[in-house]
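Quick note, this note's numbering runs 9 ahead of the 1-based positions in the sequence shown.
Treat the hints as calculated values from the structure; they're not laboratory data.
One or more of the hints may lead you astray.
Restraint ranges, calculated between C-beta atoms of paired labels, are given here [as the list claims (entries may be wrong)]:
no.: 1; residue 1: 254; residue 2: 276; range: 47 to 55 angstroms
no.: 2; residue 1: 404; residue 2: 121; range: 33 to 41 angstroms
no.: 3; residue 1: 296; residue 2: 163; range: 18 to 26 angstroms
no.: 4; residue 1: 188; residue 2: 418; range: 22 to 30 angstroms
no.: 5; residue 1: 300; residue 2: 59; range: 46 to 54 angstroms
no.: 6; residue 1: 362; residue 2: 418; range: 51 to 59 angstroms
no.: 7; residue 1: 115; residue 2: 163; range: 45 to 53 angstroms
no.: 8; residue 1: 202; residue 2: 367; range: 15 to 23 angstroms
no.: 9; residue 1: 175; residue 2: 121; range: 48 to 56 angstroms
no.: 10; residue 1: 297; residue 2: 368; range: 51 to 59 angstroms
no.: 11; residue 1: 58; residue 2: 259; range: 43 to 51 angstroms
We put the CB at the ideal spot given by N, CA and C, even for glycine.
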Amino acid sequence: MTEHTDPSMRGPEDLPNADSPQGAPGAPAEPQKAHRTRARPAALGAVLKRLRQPIPGAQPRLRFEMPPEHLDSIEAETPGTGDTARFGAPGPRISAQHPLYMGFMGTVGVGLALLVYWIGSNTTQLLLWIVAALFIALGLDPVVRWLETHKIPRPAGIVLAVSVLVLAVVGFFATLIPTIVEQVTELVKQAPVWVRDFVDSDFFRTVDNQFGVRDRINEELDKFVKNPEAMGGIFGGVVGFGSTVANGLFGTLIVLVLSLYFLAALPAMKKWGYRLAPRSRRARVEALSEEITRSVGNYVIGQAVVALLNATFAFIVMSIIGVPFAVLLAFVVALLAFIPLVGGMIAGVVVTLITLTLGWQSAVAYAICYFAYLQFEAYFISPRIMQKAVAVPGAVAVISVIAGGSILGVLGALIAIPTAAAILLLLKEIYIVRQDKH
Numbered sequence: 010m011t012e013h014t015d016p017s018m019r020g021p022e023d024l025p026n027a028d029s030p031q032g033a034p035g036a037p038a039e040p041q042k043a044h045r046t047r048a049r050p051a052a053l054g055a056v057l058k059r060l061r062q063p064i065p066g067a068q069p070r071l072r073f074e075m076p077p078e079h080l081d082s083i084e085a086e087t088p089g090t091g092d093t094a095r096f097g098a099p100g101p102r103i104s105a106q107h108p109l110y111m112g113f114m115g116t117v118g119v120g121l122a123l124l125v126y127w128i129g130s131n132t133t134q135l136l137l138w139i140v141a142a143l144f145i146a147l148g149l150d151p152v153v154r155w156l157e158t159h160k161i162p163r164p165a166g167i168v169l170a171v172s173v174l175v176l177a178v179v180g181f182f183a184t185l186i187p188t189i190v191e192q193v194t195e196l197v198k199q200a201p202v203w204v205r206d207f208v209d210s211d212f213f214r215t216v217d218n219q220f221g222v223r224d225r226i227n228e229e230l231d232k233f234v235k236n237p238e239a240m241g242g243i244f245g246g247v248v249g250f251g252s253t254v255a256n257g258l259f260g261t262l263i264v265l266v267l268s269l270y271f272l273a274a275l276p277a278m279k280k281w282g283y284r285l286a287p288r289s290r291r292a293r294v295e296a297l298s299e300e301i302t303r304s305v306g307n308y309v310i311g312q313a314v315v316a317l318l319n320a321t322f323a324f325i326v327m328s329i330i331g332v333p334f335a336v337l338l339a340f341v342v343a344l345l346a347f348i349p350l351v352g353g354m355i356a357g358v359v360v361t362l363i364t365l366t367l368g369w370q371s372a373v374a375y376a377i378c379y380f381a382y383l384q385f386e387a388y389f390i391s392p393r394i395m396q397k398a399v400a401v402p403g404a405v406a407v408i409s410v411i412a413g414g415s416i417l418g419v420l421g422a423l424i425a426i427p428t429a430a431a432i433l434l435l436l437k438e439i440y441i442v443r444q445d446k447h
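With these hints in hand, go ahead and build the complete structure from the sequences.
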């Protein structure tokens with residue numbers, strides 16, 4: 010039985026040959042097979058077209074956009090005749106020198122200043138998180154732009170950069186927490202042994218026979234146990250430590266999320282910021298802002314590379330000497346070395362003191378190797394890495410780091426040098442240029 014198809018569904022190549030009648034025995038089946046082959050992509054295209062159609066009842070997401078930067082034409086309002094004739098023409102604006110105007114605007118200005126101060130004083134922690142997230146976003150932006158130059162889309166670059174940062178934070182806590190648990194467990198196991206050995210020692214027996222130390226200790230322990238305020242203080246200290254750890258973890262999560270959002274919206278944020286300046290000065294504002302953000306980003310990346318090299322060298326030396334918990338101490342060295350000028354010195358002193366547990370020879374050997382590396386880093390590594398970052402005089406750098414650390418702690422010390430560089434750039438390009446014209 011021969012299959013009949015609609016002639017309207019055939020192409021020119023599917024029409025039957027005039028020489029061979031349709032349905033004749035022995036007619037070739039290739040035209041019918043080709044028709045079925047072409048029908049499949051058509052059906053698939055129809056399904057995809059159906060899927061691309063919006064869901065019934067769905068509305069497009071509202072997006073707030075800036076008005077166009079250059080308006081082609083501005084329609085001037087023509088004064089109406091009806092309302093003007095009925096209510097009269099508007100009078101002149103009140104003078105800015107009028108006492109009522111000056112008093113009202115002065116009161117509004119003072120009120121707004123007090124409102125801003127109240128908001129800032131009650132959201133200090135949030136403002137610090139925002140500053141830290143913006144600092145991290147500016148630091149990761151050069152990496153994302155470098156990935157964009159290598160044909161990696163910006164969303165993928167953002168995910169990759171933030172993932173590396175998250176892995177570093179998770180690695181630090183994954184190394185820190187087991188070490189703390191191990192040390193606390195060992196301390197709990199060894200504490201009774203240490204106490205028993207001390208009580209059985211000849212020194213304690215001699216002191217106890219002369220001053221009655223044992224009875225005095227038992228009396229003080231009884232008072233402490235029976236004192237509810239002391240026990241409440243211990244419980245409050247434990248709760249306070251737990252809340253501090255929880256706030257630290259929550260703050261870390263908030264900073265990471267804000268860094269992701271800032272990094273994704275950084276081009277739009279810059280565009281918005283440039284639009285706040287007058288159009289006549291917008292090009293200059295954009296050039297100065299791009300130079301500042303570029304310097305901050307290069308500084309963060311450069312300081313991160315310096316800290317990573319510092320921690321790697323410290324880990325190698327600690328592994329050779331046999332310092333315990335070398336991985337955790339390497340993380341600590343990296344965090345401290347990220348602080349400019351003083352971070353490396355603090356890291357060297359901390360690890361040297363820990364190395365004293367192995368003997369003074371090991372501590373001296375580590376101190377010689379590490380502080381020699383700091384000199385090599387200061388004269389050979391940092392200048393080559395930081396040559397594209399910021400240029401700040403030594404005295405200004407020291408003063409800015411001390412001032413930033415006094416105001417905002419570690420975060421202030423981190424952002425002190427980029428802030429000082431930005432202030433110096435603005436002074437050179439705006440104030441000094443203006444003064445040279447007079």
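Of all the hints given earlier, name the ones this structure violates by number, lowest first.
-> 1, 6 and 9
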